[in-house]
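Same order as they appear, the protein sequences are chains A and B. Under this note's numbering, read the first sequence as residues 1 to 294, first letter to last. Under this note's numbering, read the second sequence as residues 1 to 160, first letter to last.
Worth flagging that the hints you see were computed from the coordinates, not collected in a lab. Please note: incorrect hints may appear among the correct ones.
Which residues of chain B face chain A? A few of them, derived with a C-beta cut under 10 Å, are [as the list claims (entries may be wrong)]:
1. Leu37
2. Ser40
3. Ser65
4. Val73
5. Gly74
6. Pro94
7. Glu95
8. Pro97
9. Arg100
10. Gly101
11. Glu133
12. Ser136
Over the 10 Å line for every Cβ pair with chain B, so calculated as not near, a few chain A residues [unchecked claim]:
13. Thr21
14. His66
15. Arg218
All residues carry an ideal CB built from backbone N, CA and C; glycine is no exception.
In case you want the letters, here they are:
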Amino acid sequence: MAEPRNEDPFSQYAHPERLVTTEWLAEQIETGNVGGPDGVAVLESDEDVLLYDTGHIPGALKLDWHQDLNDPVMRDYVDGERFASVMSERGVARDTTVVIYGDKNNWWAAYALWVMSLFGHEDVRLLDGGRSKWVAEGRELTKDVPTVTGADYPVVERDDAPIRAFKEDVLAHLGKPLVDVRSPGEYSGELLHMPDYPQEGAMRGGHIPGARSVPWARAANEDGTFKSRPELEAIYLQEQGLSPSEPTVAYCRIGERSSHTWFVLRHLLGFDDVRNYDGSWTEWGNSVRVPVER
Amino acid sequence: MAPASAIPETADLPPALAEIARDFAELSPPERLELLLEFSEGLPDLPERYVGATASMEQVQECQSPLFLLVEVGDEPATEASERRVNLFFSAPPEAPTTRGFAGILHEGLDGLTVEEVLAVPDDAPYRFSLAEAVSPLRLRGMVGMLSRIKRQTALKSQV
Chain A
1 MAEPRNEDPF
11 SQYAHPERLV
21 TTEWLAEQIE
31 TGNVGGPDGV
41 AVLESDEDVL
51 LYDTGHIPGA
61 LKLDWHQDLN
71 DPVMRDYVDG
81 ERFASVMSER
91 GVARDTTVVI
101 YGDKNNWWAA
111 YALWVMSLFG
121 HEDVRLLDGG
131 RSKWVAEGRE
141 LTKDVPTVTG
151 ADYPVVERDD
161 APIRAFKEDV
171 LAHLGKPLVD
181 VRSPGEYSGE
191 LLHMPDYPQE
201 GAMRGGHIPG
211 ARSVPWARAA
221 NEDGTFKSRP
231 ELEAIYLQEQ
241 GLSPSEPTVA
251 YCRIGERSSH
261 TWFVLRHLLG
271 FDDVRNYDGS
281 WTEWGNSVRV
291 PVER
Chain B
1 MAPASAIPET
11 ADLPPALAEI
21 ARDFAELSPP
31 ERLELLLEFS
41 EGLPDLPERY
51 VGATASMEQV
61 QECQSPLFLL
71 VEVGDEPATE
81 ASERRVNLFF
91 SAPPEAPTTR
101 GFAGILHEGL
111 DGLTVEEVLA
121 VPDDAPYRFS
131 LAEAVSPLRL
141 RGMVGMLSRI
151 KRQTALKSQV
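If we strip away everything but chain B, and leave its shape as in the complex, we get (with noise of 0.2 Å):
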């Protein structure tokens, strides 16, 4: 693994992804996790219907804290599977600030994708952001849970 102050490739990242992997690229450690926080401060409530419901969504075992995940794809008829639209809903604790700053980059970097986007992040995408210096490298192996999940339940539920 590259050390976490080399510049990410970003190139095969969706652009949004590839913004954030950037902007924490250009911070130094102390300032990444301060970006972190922003992003667990930022990562949006869940939608009244989603309320309450944590059983109906999968949790995320390598997650240290629970987190719950939902990944809704659009189903109008006339869309090609492919290009239908992924919304991802997120629910943690505020008392697990790291796993929630994990799940605003992926929200704030993958919702409102289509399938085909969503499908072809690359799975070491949770290791571009610059943090194994300062979050420690098994703390990440939680935003690579999270990512496999997304793009299962992405798959699962588009039919690709």
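Isolated chain A (complex conformation) (with noise of 0.2 Å):
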């Protein structure tokens, strides 16, 4: 595992581990920390799945949610076979220390840490703000895809319980704290779909009955970074009255802008128990008789 930080700008978050500046990171580039079997392994994950492949951080590797997270054939995550060999194919072993970056304010990055948690990788962090504030602050991006020395990672199964959440347990929780982080057109019902996605429409337009609407990017900065932690709390504590006691649900439209929000309750406010509907909007707006508010 990485040495921790020594100065560390995230102490002020709950599980301050879970963040990496781009300092940080590109020192570890320039002491050769990145990759090997002891190593910092870096995986970039976006949206657009050549992104990579036109420069990434040195060092990096890709990891797509499309073709390494997601089963082929059924709307699941792999299971614990394929995730074992995707990341022994990028030389992560149990205890690797992973930094995750990508496009589009690290939305599949988080969706990608998401994932990983979901088979309980211990040491799996972001770097804040991205694939963008990298770029912008004129960092090296670089074509090489490193060789990796593939490491024997365990077949581990997936637990979904304590931070997934599926339709049946949304419907067992209505009446307790839910979020909706979509943007504010897609939960009164006047869109159908996110703006410029009309590909993951519904049958129906509104939101889960209850659920508070904190669209996800009022966790973020321009730069693409996390908000301050008192900023963070004057919106989903003070503003929106949730607590980091009560059990709480995130939703979107298919779970990755809401592993941004899960990742800000989770890991920068510290709540216990929030899961994140994956199924979200895609699944509750064209199921059959679920209650829909608008």
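Build the complex: two chains, separate frames, hints provided.
Spelled out as structure tokens, the structure:
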């Protein structure tokens, strides 16, 4: 595992070890601590499947949410065996420190982190600000794909229950705190899909009854980094009345934007019990006889 | 849908598009991504007259990243409308290489064809490039959206 950071701008958060700065990562690269059996593994997880290939952080490997983490047939995540080979191919062992970053404010990076958490991978972190911050700071990108010595990741059964909610769980959860992280138009039901994403539409518009509307982007600064803890508390606790000790479920459209919010609630604000409902609106809004509020 | 490794049907595609489809089919899935990246890098820049004029272009909503396209149809009065030449213009940011790659394929395969030829392109042509496995079917819908808008603008602007 990597040593803890010296200066920690993240000590304000509940789980500061879950974030790294671009400076920290650059330092790891410089000191040769990226890749290798004892080094940090850096994974890029983007919405755009080609973006990694146009240039990426030196030493980083691609982890595609669609090709690597989703089951190719069923709407579900890969099983333990497939996950073990995805990790092993990237030189990741069970105790490797993994840093994930990506495009679109780390949506897919947060999603990948959440999926890795389903398998109980202990040390997985996000690069605060993601790919765009690294690029904006003029840091090095390369097209060289590193060669890795495969690791031997064990086959671990996925444990969904603690952090993943299914439709039945949400039905049983009605009346308790829910966070809808979609855009206001999707929440109100005016839009049946996210602006620019009509292919992921639903038969019905609206939201799950009782859900609070907190668009995911409210947790992020302009540069894609996370807001400070006091700012996040002002939004999620004071304004929305959520509580870190109450079981909470977050959802969006397919579960990627809500992974971002899940990360905020679980790791930055320290909610004990927060689950991501990855079926989200593409399941709920297409389901027969589930309650919908507009 | 046929598996990505199957030989795609190309008989009803315009020759340039058919050649691209055959090129992709011969490659392994990782090589297909490399070729798509080449199309992305080869997408021509907008000509001077359209630079900064995306408001006058049509946004393809099916794409997950902003893509604007514009169709020009030649207006030689002596030429039959169906025989006029079609030119395609695209604008997509470098941080959306997949979207640019789709645009690059359509540009190389369709630019300079006649109105009749463009309108005859089958709507499922985007699924003939053996990309479903490497890119995912969901992402391919962006190219379907581009093609349908190209055909619609071509029909409108040629009044066929």
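Structure-based check of each hint:
Proximity of Leu37(B) to chain A holds as hinted, the smallest CB-CB distance being about 5 Å (cut-off 10 Å). The beta carbon of Ser40(B) is positioned within 10 Å of a beta carbon in chain A (closest approach about 6 Å), and the interface hint is therefore held. Hint status for Ser65(B) relative to chain A: holds, with the closest Cβ pair at about 7 Å, below 10 Å. The restraint placing Val73(B) at the interface with chain A is violated, with a minimum CB-CB distance near 27 Å, outside the 10 Å limit.
Look at Gly74(B): its Cβ only gets to about 32 Å from chain A, farther than 10 Å, so that hint breaks. A least Cβ separation of about 7 Å between Pro94(B) and chain A falls short of the 10 Å threshold, and the interface hint therefore holds. Interface restraint check: Glu95(B) against chain A, minimum CB-CB distance 7 Å, threshold 10 Å, status holds. Among the interface hints, the one on Pro97(B) holds; its C-beta lies about 4 Å from the nearest C-beta in chain A, closer than the 10 Å criterion.
Proximity of Arg100(B) to chain A holds as hinted, the smallest CB-CB distance being about 8 Å (cut-off 10 Å). About 6 Å separates the beta-carbon of Gly101(B) from the nearest beta-carbon of chain A, less than 10 Å, and the hint is met. Interface restraint check for Glu133(B): the shortest CB-CB distance to chain A comes to about 8 Å, inside 10 Å, so the restraint holds. Using the Cβ-Cβ criterion of 10 Å, the hint placing Ser136(B) at the interface with chain A is satisfied: the shortest such distance is roughly 4 Å.
A cut-off of 10 Å between C-beta atoms confirms that Thr21(A) is not in contact with chain B; the least separation is 22 Å. For His66(A), the non-interface assignment is contradicted: its Cβ lies about 4 Å from the closest Cβ of chain B, within the 10 Å cut-off. A cut-off of 10 Å between C-beta atoms confirms that Arg218(A) is not in contact with chain B; the least separation is 22 Å.
In the structure shown, a violation is registered for the earlier hints numbered 4, 5, 14, in ascending order.
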